[in-house]
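Protein sequences appear in the order of chains A and B.
The first sequence begins at -18 in the working numbering and counts up by one.
The second sequence begins at -18 in the working numbering and counts up by one.
Treat each hint with caution, since some may be false.
The list treats identical chains as interchangeable, and a pair is accepted whether it falls inside one copy or across any two copies.
[As the list claims (entries may be wrong)] In silico BS3-like pairs for lysine-lysine, Cα to Cα no more than 25 angstroms straight-line:
| # | residue 1 | residue 2 |
| --- | --- | --- |
| 1 | K272 | K209 |
| 2 | K240 | K209 |
| 3 | K163 | K209 |
Source of the hints: derived by calculation from the structure; they are not laboratory data.
Residues per chain, in single letters:
2 protein chains.
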Amino acid sequence: MPTETIAWTDGHVRLIDQTLLPTETRFLDLTTVEEIWEAIKMLRVRGAPAIGVAAALGVVTGVKDSPAQRWEDFERDLSKTSDYLASSRPTAVNLFWALDRMRRVAESVRDQSVEAIKRRLLDEALEMIEEDNRVCLAMGEHGASLIEDGQGILTHCNTGGLATAKYGTALNAVFTAHRQGKRVHVYADETRPLLQGARLTAWECLQEGVPCTLICDSMAAVVMRERKVDLALVGSDRIAANGDAANKIGTYMVAVLAKEHGIPFYIVAPLSTVDMSLPSGDRIPIEERGKEEIIQGFGRQTGPSDIEVYNPAFDVTPNHLISGIVTERGIARPPYTESLRAMFE
Amino acid sequence: MPTETIAWTDGHVRLIDQTLLPTETRFLDLTTVEEIWEAIKMLRVRGAPAIGVAAALGVVTGVKDSPAQRWEDFERDLSKTSDYLASSRPTAVNLFWALDRMRRVAESVRDQSVEAIKRRLLDEALEMIEEDNRVCLAMGEHGASLIEDGQGILTHCNTGGLATAKYGTALNAVFTAHRQGKRVHVYADETRPLLQGARLTAWECLQEGVPCTLICDSMAAVVMRERKVDLALVGSDRIAANGDAANKIGTYMVAVLAKEHGIPFYIVAPLSTVDMSLPSGDRIPIEERGKEEIIQGFGRQTGPSDIEVYNPAFDVTPNHLISGIVTERGIARPPYTESLRAMFE
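Given these sequences and hints, build the entire structure.
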């Protein structure tokens, strides 16, 4: 049974601090919106769908003590909370999708009492968790249909239950195939700089009993060349209308290497990750993070302190390198401008 | 002025402990062959040409106290020392090249006294250092001719002075271009798992005053796509007769990415790295190293202790991805079977 990544418990947010895994399993109880903002910013909770859930619960937390009695006053507090949470991380569209959804829900009941609006917001956030679970299970089934018995599957970053409320995206497709009795072997890129593959994916595979070999990112080319890998499955933080997909830095590298070796490369992501307002991926904002993640990542200084560092947290894989996009409603195929639009109809 | 990576000082080996850089500059005085074996094995000295020099000085150290009075007895001690040093690291051919050269030199004076043979071995090792310096300076000139004013150059692992006795291979080509007045900018792959790019290349660029940006290996694809990089220059640990080249793990990834982005990819390595006895790269032995380098590399545990890890220290780049091989005698071009053979004539 997967760990619950994030939940609403006794009137507050409880989440597993992913920065401490795999050596420590610690749950945090967060009672203020500032704590939730910090947890998103510092990647205590990460993964596009999980960030969406954290944002929704962040809205609930931020407005629950609002003294407003009228919609106009409450709306001001709601906007403030929402804008604040939006400033935590820029790339994952699920964050903005969740904030927008919470605002629309509030507006739809604006003629009710503030207490009723607050209850409606909590119900919506809890429904988003349930929805995330259903969506992940559906993606897992569709994704598993791509996996054949005996295959090696390369993953990048973490796309297991820890990336969502509970079940996961790309890694859940592998776990679903495993539960169906297919023999699978995960090759997990460690995913520098923050090592979500080493810390989280490897840990989840061990928990699930799925064979997994951990490699450095630069070894992906070699395991492909040695035919250890038959398929690459990754997640996404924002997909443009044409199928260009932003994901953890290094994903574009995996896609180029997969093409060179004739290995299918699939994105597994819910439709909440698709940003139909963006015609192509070059408009996706890419978060740049601090140099300390690269030269001081894990307890010891590993580069000169005065060296210049480039640390984009994401990259964009162009649609022509993507074999298909697995969503909860099935697998979109090129041309994505048409197939993704059809998914929303 | 570059640091002397390894030298013979006051009757023993002195080398800079590269595992402590960039935070500590410590020189080690090694007086036994066991200490030299350990220094090679643990990468206190690394880089194919520097390993060759370390092996030659290791032979001198291993036999200097031999009580043998006759060639037959001395030859037994020499063989034992040589076989022992050969067991330190399997991939870099320069190690075996240096050991073989030392043995042949000893044999050429076998009719002299053991003391004279010992002196001859020391002279040969010192000549190898001088030769390495001349060869590096020549490669630097040839390599610099590939670099145009204003270019970005991607490097992988460390190929500066620390990889040789003093001057370096691929990185020295960049430094030579810089000294010629060309504006250059190095993009240094950090080079997981042991971070020679972050620890050594970045440090050497700062020492030399050459602009350098440190990136994670998985970001190489992005800096190429963003046209920050015009050229890729790497070293090699063993080159087969057909031009297939073994080098630090991740080099093959760089070569595939360079091809995808239309970026020239060059190897810079002395002819002592070319193993004409191997028709192709699939016969190059690849060293596999321990899992702790990947899950416990930075002083803190970054992966589950019971996860399976694949840690090849090198990969082989096939000749068709290599634009040219820069040696001390000029730049070999495809087909390498002919051009490399011509270099030895």
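Hint check results:
1. K272 x K209: This pair counts as between: shortest inter-copy Cα distance 18 angstroms, intra-copy 34 angstroms.
2. K240 x K209: both (15 angstroms within a copy, 22 angstroms between copies)
3. K163 x K209: within (16 angstroms within a copy, 44 angstroms between copies)
Taken one by one, the earlier hints all hold for this structure without exception.
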